Amino acid sequence: GSSESGRKDGRMEKVEKEEELNRKIENKLCQRCKQTYDISCNSQSSCRFHPSFFVSRRHDDQKRYYELRPDDPPYTAKFFDCCGAEDPNAAGCTTDFHVSYDD
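Residues -6 to 96 in the numbering used here are what the sequence shown lists, from first letter to last.
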């Protein structure tokens, strides 16, 4: 009697562990936004990122003025090259599918 229920519990634990492993496999780290995501929920609007780098140079549009720190060289602006956002923590300007390091 009791040894049978022990085997059933053991099998159930094994199934639960396998399901947990399968769930972990579905979670990937995105190269673009560095967020963990579930591949089954990945859509064209899942990932918000900047397609260009955060740079330190003049904007193409030289009419804009920038707040510079005292130690910044003249005309230096720091911004995302893609959208011009000057905050390094600004939300991404583009959305697309997440891209894992395995892709």
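Calculated from the structure, these hints are not laboratory results. Hints may contain errors.
[Unchecked claim] Cβ-Cβ distance ranges computed for the label pairs, FRET-style:
no.	residue 1	residue 2	range
1	Gly77	Glu9	42 to 52 Å
2	Ala78	Gln24	31 to 41 Å
3	Thr29	Cys76	19 to 29 Å
Treat the numbers as computed from the prediction; the structure is a model and nothing was measured. The C-beta atom is built at its ideal place from N, Cα and C for all residues, glycine as well.
Verification of the hints:
no.: 1; hint: Gly77 <-> Glu9: 42 to 52 Å; result: 50 Å, holds
no.: 2; hint: Ala78 <-> Gln24: 31 to 41 Å; result: 20 Å, violated
no.: 3; hint: Thr29 <-> Cys76: 19 to 29 Å; result: 25 Å, holds
Checked against the numbered hints given earlier, this structure breaks only hint 2.
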